[in-house]
Each structure stands twice: as C-alpha cells, then as structure tokens.
Amino acid sequence: MNTSKCMALIRESLIVRSRNSIRDEKQLYEHAGVLVPIIEEEGVLSVLLTKRTDMVEHHKGQISFPGGSVDEEDGSIRETALREAQEEIGLQRKDVEILGRLDDTLTLMSNFIVHPFVGFVPYPYNFSINRTEVERLINVPLSVFNTKSSGPKRNSVEFEGMTYQSQSYSYNGDLIWGATARIMQNFMNIIGNKLLLLEGKK
176 MNTSKCMALI RESLIVRSRN SIRDEKQLYE HAGVLVPIIE EEGVLSVLLT
226 KRTDMVEHHK GQISFPGGSV DEEDGSIRET ALREAQEEIG LQRKDVEILG
276 RLDDTLTLMS NFIVHPFVGF VPYPYNFSIN RTEVERLINV PLSVFNTKSS
326 GPKRNSVEFE GMTYQSQSYS YNGDLIWGAT ARIMQNFMNI IGNKLLLLEG
376 KK
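Residue numbers (my numbering): 176 to 377.
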C-alpha cells in the first residue's frame, strides 16, 4: 500500500467538503475533542480505538477514541484532542499528522458535542497507556466499517440500566456504538470507497 497516497486522499477529501458543525449558541453542551488515529499495520489501514475503564467519569467500559473535555488552557479543540491523546495513550503531539476534521456529533447520554480530528500515527508505536482511563488499545481495520459490506447495524444497546437505539459495529467481541460508530460511519461515507479503490490497486 502507498501510505502517502492514502494520507493525501484522506486530507484532500476532508478539505474539499462542507463540514457539519453543531452550533451551541445557548451553551447547553460541554465540548470534547477526539483524535481519530489512522495507522497502517502490515499494509492494512486501521483505526486505533481505546476500551475505557470503569474508573472514568463518562462512558465507562465503552469503545472510544482518545480524547476528552476541553480545558481552559487549551488553545483550540484540536489541541484538546492532541493533549488528551498524549495523556491517555502516550501519543506525542509531534508524532501526529492531522489530516482534517469530521462532522461534529452529539453523545447519546453525556450531553457533549464531540469534535473529531483525523490524524495519521506511525506504527508500531511505543504507546504508554494511562491505566486509570484506558483498559486496552484496539486496532480495527477500516474494512470493518465498510457500509457496502457489513455496515452499521442498528441495535438496542443496554448500558448502565438504560436501553439505547444505536448503530453499531462488532469486532472481535467488542461492540462499537454511539458517537464512536457515528464518527466512523461519517469517515467511511466521505472516504471509504475511495480508499477501497486505492487499496485495490496495490
């Protein structure tokens, strides 16, 4: 696979589109920045996700992106995403190549507007996991999110005593749902078919 061509394709696809930005004029929501880390592992493009511990405040035990709430000292939401990735998994900011932004999305239960940034991360990488927040890392091939094959399923998800209707993906026994699933569907809707065509030429 030509990694540089793939990254250029992702960057160009994100630049030329109109991004859906959620306005919060009444300041009803908290804001979070997350990193969508794209890696190449043995010629396969994957996204690096985390399984959260039961010790975190929000989304206990869920599959998510590195990221978190905006702090006052953050210069931008992009800086929030990079800072949180460094705190959670030891990913140094200088090692992340930001390729662009995806659409904002709302969380189902914690009242956040999530702002996703797509970044390319070198792999393998010497990650340092914050065991208070992250149980483990999960590399999920982008093909899992290919809507023309498996695609997202809409399921009833039981979480903390409540039932949610959410699109979801399953991978190696892990359920990817909620905002994480919506963000990945957004990514694949924009870029997925182009990447698959490019992969087919390798």
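Worth flagging that the hints you see were computed from the coordinates, not collected in a lab. Treat the hints loosely; a few may be bogus.
Lysine to aspartate or glutamate pairs mimicking DMTMM-like chemistry, simulated, CA-CA at most 25 Å apart [as the list claims (entries may be wrong)]:
#: 1; residue 1: 269; residue 2: 247
#: 2; residue 1: 235; residue 2: 278
#: 3; residue 1: 201; residue 2: 217
#: 4; residue 1: 201; residue 2: 308
#: 5; residue 1: 369; residue 2: 187
#: 6; residue 1: 201; residue 2: 279
#: 7; residue 1: 269; residue 2: 246
#: 8; residue 1: 180; residue 2: 229
#: 9; residue 1: 201; residue 2: 262
#: 10; residue 1: 369; residue 2: 215
#: 11; residue 1: 201; residue 2: 254
#: 12; residue 1: 226; residue 2: 310
#: 13; residue 1: 369; residue 2: 249
#: 14; residue 1: 269; residue 2: 349
#: 15; residue 1: 226; residue 2: 215
#: 16; residue 1: 201; residue 2: 248
#: 17; residue 1: 235; residue 2: 217
#: 18; residue 1: 180; residue 2: 249
#: 19; residue 1: 269; residue 2: 199
#: 20; residue 1: 226; residue 2: 262
#: 21; residue 1: 269; residue 2: 229
#: 22; residue 1: 180; residue 2: 270
#: 23; residue 1: 226; residue 2: 200
#: 24; residue 1: 235; residue 2: 200
#: 25; residue 1: 269; residue 2: 215
#: 26; residue 1: 180; residue 2: 262
#: 27; residue 1: 269; residue 2: 254
#: 28; residue 1: 201; residue 2: 249
#: 29; residue 1: 226; residue 2: 187
#: 30; residue 1: 235; residue 2: 279
#: 31; residue 1: 235; residue 2: 205
#: 32; residue 1: 226; residue 2: 199
#: 33; residue 1: 269; residue 2: 187
#: 34; residue 1: 180; residue 2: 205
#: 35; residue 1: 226; residue 2: 349
#: 36; residue 1: 235; residue 2: 187
#: 37; residue 1: 201; residue 2: 278
#: 38; residue 1: 235; residue 2: 310
#: 39; residue 1: 180; residue 2: 216
#: 40; residue 1: 180; residue 2: 248
Output the numbers, in ascending order, of every earlier hint that fails for this structure. 3, 4, 8, 9, 13, 14, 17, 18, 19, 21, 23, 24, 26, 29, 32, 34, 36 and 40
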